[in-house]
Amino acid sequence: EAGVTQSPTHLIKTRGQQATLRCSPISGHTSVYWYQQALGLGLQFLLWYDEGEERNRGNFPPRFSGRQFPNYSSELNVNALELEDSALYLCATGVREGGNEKLFFGSGTQLSVL
Amino acid sequence: QKEVEQDPGPLSVPEGAIVSLNCTYSNSAFQYFMWYRQYSRKGPELLMYTYSSGNKEDGRFTAQVDKSSKYISLFIRDSQPSDSATYLCAMMRGTSYGKLTFGQGTILTVHP
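Chains as they are written, first to last, in the numbering used here: chain V, 1 to 114; chain F, 115 to 226.
With the rest of the complex left out, here is chain V:
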């Protein structure tokens, strides 16, 4: 069974540009979560999509947005890139267990903003 797949692996942009990151969930998983892993800040929750709807977002500005498609894949868009957006962006999909979700992560997209 294929795991969570993310593309591209690496992305280099300049300040002010837009970045689009993609995620395909594990087959059968309908929820997609996006996390940012920046140096010195650790892993931080960004966005949660389920059944095509945004369900929750973390403490990030509106220029971080995304969507989920009918096949449950997802895109994360970052507009007006800033230097501090440089980070590893991780996508995770979940399976319900014990009343909550167990998350499985992809390998991430390393975004570098120059």
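Derived from the structure by calculation, the hints contain no laboratory data.
Predicted model, so just to flag it, every value in this text is computed and none were measured.
Just so it is clear, CB atoms sit at the ideal spot from N, CA and C, and this is done for glycine as well.
Warning: the hint list may mix true and false statements.
[Said to hold, decoys possible] Capping the alpha-carbon separation at 27 Å, the derived lysine-lysine pairs in BS3-like fashion look like this: (1) F:Lys170 x V:Lys13; (2) F:Lys181 x F:Lys116; (3) F:Lys116 x F:Lys184; (4) F:Lys116 x F:Lys156; (5) F:Lys156 x V:Lys13; (6) F:Lys184 x F:Lys170; (7) V:Lys102 x F:Lys184; (8) F:Lys116 x F:Lys170; (9) F:Lys181 x V:Lys13; (10) F:Lys181 x F:Lys170; (11) F:Lys156 x F:Lys170; (12) F:Lys181 x V:Lys102; (13) F:Lys116 x V:Lys102.
[Unchecked claim] Derived Cβ-Cβ restraints for the label pairs, each shown as a range: (14) F:Leu125 x V:Thr20: 34 to 42 Å; (15) F:Gly168 x V:Arg96: 17 to 25 Å; (16) F:Ala143 x V:Arg96: 43 to 51 Å; (17) F:Gly168 x V:Leu114: 44 to 52 Å; (18) F:Gly168 x V:Gly52: 32 to 40 Å; (19) F:Lys116 x V:Leu11: 24 to 32 Å.
Based on these hints, arrange chain F on the given structure of chain V.
Just chain F, lined up with the frame of chain V:
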């Protein structure tokens, strides 16, 4: 104060040693506790998932949760060089679904 505190290490041990990794937390609403392992340039890999106080064992790994002390641990027995990675504790509230709060991660090196 961070909601989840984890000693970043680094921690270096000889092969075969017992490794103890720990996290403390301040929010009593956390009910689900996880340990992830992350190799360099890879995503976190789920190792252990628990939602009650006590111990849970899986092979060489034992997760321990003490909700009264707000303290969780991961023990690795007979550590191997392949265990060298960053270990992240993570927690979530009862109704948070996949919104995890992570510790900073502990860098572990197991040398032959």
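**Request:** For F:Leu125 and V:Thr20, compare the CB-CB distance with the range 34 to 42 Å and indicate the outcome.
**Result:** 38 Å Cβ-Cβ, so the 34 to 42 Å window holds.
**Message:** Assuming the hint says 32 to 40 Å, is it satisfied by the Cβ distance from F:Gly168 to V:Gly52 or not?
**Reply:** holds (39 Å)
**Message:** Check the hint pairing F:Lys116 with F:Lys170 against an upper bound of 27 Å on the C-alpha distance.
**Reply:** Status holds; Cα separation ~26 Å.
**Prompt:** Should the hint that F:Ala143 and V:Arg96 are 43 to 51 Å apart at their CB atoms be regarded as holding?
**Reply:** violated (19 Å)
**Prompt:** Taking 17 to 25 Å as the hint, is the beta-carbon distance of F:Gly168 and V:Arg96 inside that range?
**Reply:** holds (22 Å)
**Request:** Assess, step by step, whether the Cα of F:Lys184 is no farther than 27 Å from the Cα of F:Lys170, and give holds or violated.
**Result:** holds (17 Å)
**Request:** Would you mind confirming whether the straight-line C-alpha gap from F:Lys181 to V:Lys13 stays at or under 27 Å?
**Result:** violated (44 Å)
**Prompt:** CA of F:Lys181 to CA of F:Lys170, is that 27 Å or under?
**Reply:** holds (14 Å)
**Prompt:** Can the suggested window of 44 to 52 Å be confirmed for the beta-carbon pair F:Gly168 and V:Leu114?
**Reply:** holds (49 Å)
**Distance restraint between F:Lys156 and F:Lys170, which requires alpha-carbon spacing of 27 Å or less** = Cα-Cα ~26 Å, so holds.
**Message:** Would the hint linking F:Lys116 and F:Lys184 be met if the CA-CA limit is 27 Å?
**Reply:** Status holds; Cα separation ~13 Å.
**Message:** Please verify whether F:Lys170 and V:Lys13 have alpha carbons no more than 27 Å apart.
**Reply:** Since the Cα atoms of F:Lys170 and V:Lys13 sit roughly 44 Å apart, the hinted pair is violated (cutoff 27 Å).
Going down the numbered hints, you'll see the structure goes against 1, 9, 16, while the others check out.
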